[in-house]
Amino acid sequence: MGSLFDFMLPELKSPLTGASTDALMGFIHLVSFIILAGVTIAMIYFAIKYKRKSDDDQTPLITHNNTLELTWSVIPLILVFIVFGWGYSGWLNLKAVPDNAYEIQVSAYKWGWTFSYENGAQVGNEVHVPAGRPVKLVMKSQDVLHSFFVPDYRIKQDVLPNRYTYVWFQADEAGESQVFCTEYCGTSHSDMLAKVIVHTQSDFENWLASQNTGGGGTPVERGESLLTLQGCITCHSVDGSEKIGPTFQGLFGREETMTDGTTLTVDENYIRESILDPGAKIVEGYQNQMVSYEGRLSDDDISDIIEYIKTLD
Amino acid sequence: MATAEVSPASTGTKKTFKVKRYIPSENPKKTFFTEERGLWAWLTTVDHKKIGLMYLGSVTFFFLLGGILALLLRTELLTPAQTFIEADTYNQFFTLHGAIMVFFVLVPSIPAALGNFVLPMQLGAKDVAFPRLNLASLYIYIIGAIFTFIALASNGLDTGWTFYTPYSTESTSSVIWVTMGVFILGFSSILTGTNFIATIHKLRAPGITWSKLPLNIWALYATSIMQVLATPVLAITLLLLTMERFLGIGIFDPSLGGDPVLFQHFFWFYSHPAVYIMIVPGFGIISEVITTFSKKHIFGYWAIALSSLAIAFIGFLVWGHHMFTSGQSAVATSVFSFLTFLVGIPTGIKILNWVATLYKGSIEMKTPMVYVFVFLFLFSIGGFTGIMLGALSADIHLHDTYYVVAHFHYVMMGGTLIALLAGLHYWWPKMTGKMYNEFQAKIGAALIFIGFNMTFLPQFIMGSQGMPRRYYNYIDQFTIFHQTSTIGSYILGVGFLLIAYYLAKSLMSGERAGSNPWGSRGLEWQSTSPPDLHNFDHTPVVINGPYDYHKPMEEFQLGLANAHDEKH
Numbered sequence: 227m228g229s230l231f232d233f234m235l236p237e238l239k240s241p242l243t244g245a246s247t248d249a250l251m252g253f254i255h256l257v258s259f260i261i262l263a264g265v266t267i268a269m270i271y272f273a274i275k276y277k278r279k280s281d282d283d284q285t286p287l288i289t290h291n292n293t294l295e296l297t298w299s300v301i302p303l304i305l306v307f308i309v310f311g312w313g314y315s316g317w318l319n320l321k322a323v324p325d326n327a328y329e330i331q332v333s334a335y336k337w338g339w340t341f342s343y344e345n346g347a348q349v350g351n352e353v354h355v356p357a358g359r360p361v362k363l364v365m366k367s368q369d370v371l372h373s374f375f376v377p378d379y380r381i382k383q384d385v386l387p388n389r390y391t392y393v394w395f396q397a398d399e400a401g402e403s404q405v406f407c408t409e410y411c412g413t414s415h416s417d418m419l420a421k422v423i424v425h426t427q428s429d430f431e432n433w434l435a436s437q438n439t440g441g442g443g444t445p446v447e448r449g450e451s452l453l454t455l456q457g458c459i460t461c462h463s464v465d466g467s468e469k470i471g472p473t474f475q476g477l478f479g480r481e482e483t484m485t486d487g488t489t490l491t492v493d494e495n496y497i498r499e500s501i502l503d504p505g506a507k508i509v510e511g512y513q514n515q516m517v518s519y520e521g522r523l524s525d526d527d528i529s530d531i532i533e534y535i536k537t538l539d
Numbered sequence: 002m003a004t005a006e007v008s009p010a011s012t013g014t015k016k017t018f019k020v021k022r023y024i025p026s027e028n029p030k031k032t033f034f035t036e037e038r039g040l041w042a043w044l045t046t047v048d049h050k051k052i053g054l055m056y057l058g059s060v061t062f063f064f065l066l067g068g069i070l071a072l073l074l075r076t077e078l079l080t081p082a083q084t085f086i087e088a089d090t091y092n093q094f095f096t097l098h099g100a101i102m103v104f105f106v107l108v109p110s111i112p113a114a115l116g117n118f119v120l121p122m123q124l125g126a127k128d129v130a131f132p133r134l135n136l137a138s139l140y141i142y143i144i145g146a147i148f149t150f151i152a153l154a155s156n157g158l159d160t161g162w163t164f165y166t167p168y169s170t171e172s173t174s175s176v177i178w179v180t181m182g183v184f185i186l187g188f189s190s191i192l193t194g195t196n197f198i199a200t201i202h203k204l205r206a207p208g209i210t211w212s213k214l215p216l217n218i219w220a221l222y223a224t225s226i227m228q229v230l231a232t233p234v235l236a237i238t239l240l241l242l243t244m245e246r247f248l249g250i251g252i253f254d255p256s257l258g259g260d261p262v263l264f265q266h267f268f269w270f271y272s273h274p275a276v277y278i279m280i281v282p283g284f285g286i287i288s289e290v291i292t293t294f295s296k297k298h299i300f301g302y303w304a305i306a307l308s309s310l311a312i313a314f315i316g317f318l319v320w321g322h323h324m325f326t327s328g329q330s331a332v333a334t335s336v337f338s339f340l341t342f343l344v345g346i347p348t349g350i351k352i353l354n355w356v357a358t359l360y361k362g363s364i365e366m367k368t369p370m371v372y373v374f375v376f377l378f379l380f381s382i383g384g385f386t387g388i389m390l391g392a393l394s395a396d397i398h399l400h401d402t403y404y405v406v407a408h409f410h411y412v413m414m415g416g417t418l419i420a421l422l423a424g425l426h427y428w429w430p431k432m433t434g435k436m437y438n439e440f441q442a443k444i445g446a447a448l449i450f451i452g453f454n455m456t457f458l459p460q461f462i463m464g465s466q467g468m469p470r471r472y473y474n475y476i477d478q479f480t481i482f483h484q485t486s487t488i489g490s491y492i493l494g495v496g497f498l499l500i501a502y503y504l505a506k507s508l509m510s511g512e513r514a515g516s517n518p519w520g521s522r523g524l525e526w527q528s529t530s531p532p533d534l535h536n537f538d539h540t541p542v543v544i545n546g547p548y549d550y551h552k553p554m555e556e557f558q559l560g561l562a563n564a565h566d567e568k569h
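The listed protein sequences derive, respectively, from chains A and B. Quick note: the first sequence uses the numbering used here, first residue 227, plus one each step. Quick note: the second sequence uses the numbering used here, first residue 2, plus one each step.
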């Protein structure tokens, strides 16, 4: 269905994120095309058939027809419910990152992209990924709003300066895909391009090993030493033992109950907020005793700490 | 001499009036042009018709400006990278183009220009309820437009018409000045809206009950409510921006602890209803024109009237659909998507009712009717692609691409602007007393139709293939689409020049138009062309609905009989 409109879309290279979108677009295009053709033909047919013969033409008095009104309200209503449900489920799928996703950190700036890997390697404007495995990009901006768009994967997400956002995809075959910035960001917005380069799993490992890691250690190593240097581990254990603050062990992804009774799942944005504004959300059973680390830890430091905390199962 | 029984809307009790038939003169000696002449009389007039025409002139001037910018942008996009202007210039041009077309042209075009002229006449009133306020709103509009234009041009603002933070607040405070300018413009909308609401409630001629209101009035009524309710949000945004800038309170700026996405909420809370402020008055024109040229009662009067109000109401609740990729919460995203579809339903109902009106009509394809057909086709495409963009997963792919650009041009240009052209050609003989060249007008409509589709259809395809909007440079695979689009925009430009030519010519040497050249039953046509300074030289009395084409014309030309008539 909808193959009539296939020429409108680029070849789909991440079926797990794009197949539902493509089918939905085909469906909407097809139904729209049929209705539009119907309306247009009716208009033209009426204009010809009921062409004015003389200025004295009499027309019948037809004021309304409730059955007709009901029909052409209810049928479109049903159609848009289908479209809503379809679009919503596809969107939920875009938000639900598979557990085994390979994670890459993305930093956007005017006007380029930096991609950071677990071993400390950093690459500009090229993101190398393994084929056949879900990849999750955890993104933040160093300045204004940007947006990460890969038409081949049907994914897009705004990149914000004040919190983390993410996208995921799974490219099934080795190859290349274009990345665009789609949130206007100034002079060279249209040159803020990047490429996704998909390797087979073994090629990817070779590529990653061959990258210069810069000597500063991996993000996890840097995060670990920051926790000691900044004194975090005075109050937060990394082995599950009770201290003044909650333990970091198993923290990432844990469901916590807050002092106001709400619950949340610990993610990048929660950890970031707790470092910069510790009093915003306090875990039940603890006091608001921590000071803000705003200005003492850079955005990159915070990302490194989060990477380390993620390893503490 | 006769009597007519009408029930004034306020009481519901029947009242009997002595009425007689007034046949408008085909060759009036006194018109609003011949009385109160001279520049000063125009600049200080409180006549809604002169004010409407001055609005029309201002809107036309800004449309020319915005249009030239559009052609420059399209010319730059003939080739990837630089064709003839710098990236920064390009970015300033598209900001200016968007801001001018939205705030200076589309928002005031139909209500303030055509609406001002037609609304009191359709109600059988001498003027709007607050004529001086009406003149004030014109001057506020002009001041606001100049203010905004200077703020945009002198700062070289390059943020796009959406002014998203933090980009827009990074280095200069120009976004504050622009917001202030847009707010001044908005104030003009508030005053026009208030004026219209009061006029519709209080100044209807005897016999015009709510069920006999022309659908154009219903549309302007819905628009006025939106203008009055939505525009104050701009003032709040302005206040917050100012507090952040001068008091350092973090609201939108992340470096102060603010949230840039909050700005998007505020911006769209005004700007999405503004989209309906732009399109709903167009619906009113379509209803008037399609009945006149079908010589037939409108199909589904209440469906069309109430759907305008439904759109006005739901239109306030869908702003978040501009922000599906912004990182707003999942619950908000799904609710906004759902409500977006709901607002599509009343719009679809209108289109089908208009098509049904044609059934068994007596259809004459004069220029205004040609534009109605163009409207129905183009606006339907705009509507369907809106459904596409409301669908969450599809929007993730299409957001901020040329697909969106094409969509809103089909809605705003294919909808509002084409409706404006329909209305302009429909009421031109009433406004000026002159008839334009019908053949040239049809050629113009054909050029507009071909040029428009050639400009914007390729944009759907390249957008869907991934071409982002607001791009100065682009990758080679999109070249063919951009070039087709640019050539289309030139054809469109020629079409508009032709329209300007034959309309100007009709003013000088056009044939004299009769009082009612289209044979309409509308009250505004039961006066001379151009009308008298006070619209009618009698108080009209209305006993039939505005679309009762099955009743004879003499029943539509009634007015209160003068006391001295009775003596005879």
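Among the hints, erroneous ones may be present.
To be verified - For each label pair, taking beta carbons as the anchor points, the in silico distance ranges come out as: (1) W211(B) / D503(A): 51 to 59 Å; (2) I476(B) / E399(A): 18 to 26 Å; (3) L256(A) / W43(B): 51 to 59 Å; (4) A199(B) / A322(A): 47 to 55 Å; (5) N351(A) / L508(B): 57 to 65 Å; (6) N432(A) / N474(B): 52 to 60 Å; (7) R38(B) / L256(A): 27 to 35 Å; (8) E36(B) / A263(A): 48 to 56 Å; (9) N514(A) / S256(B): 32 to 40 Å; (10) R522(A) / L79(B): 49 to 57 Å.
I should point out that these hints are in silico values taken from the structure, not numbers from a laboratory. None of these values were measured; they are calculated from a predicted model. Each residue gets a CB set at the ideal place from its N, CA and C atoms; glycine is no exception.
Now for the hints, and whether the structure bears them out:
1. The beta-carbon spacing between W211(B) and D503(A), approximately 55 Å, falls within the hinted interval of 51 to 59 Å.
2. Range check, I476(B) to E399(A): about 21 Å between beta-carbon atoms, so the 18 to 26 Å window is met.
3. Between L256(A) and W43(B) the beta carbons are some 54 Å apart, a value that agrees with the proposed interval 51 to 59 Å.
4. The supplied range of 47 to 55 Å is met by A199(B) and A322(A), whose beta-carbon atoms lie about 53 Å from each other.
5. Evaluation of the 57 to 65 Å hint for N351(A) and L508(B) yields a pass: the beta carbon distance comes to about 58 Å.
6. Restraint check, N432(A) to N474(B): a C-beta distance of roughly 34 Å breaks the suggested window 52 to 60 Å.
7. Range check, R38(B) to L256(A): about 60 Å between beta-carbon atoms, so the 27 to 35 Å window is missed.
8. One distance hint, 48 to 56 Å for the beta-carbon pair E36(B) and A263(A), holds here, with the actual separation near 52 Å.
9. Judged by the Cβ atoms, the range 32 to 40 Å given for N514(A) and S256(B) is violated: they are separated by roughly 24 Å.
10. For the pair R522(A) and L79(B), the beta carbons lie near 52 Å from each other, so the given range of 49 to 57 Å is met.
In terms of the numbered hints stated before, the structure departs from hints 6, 7 and 9, listed from lowest to highest.
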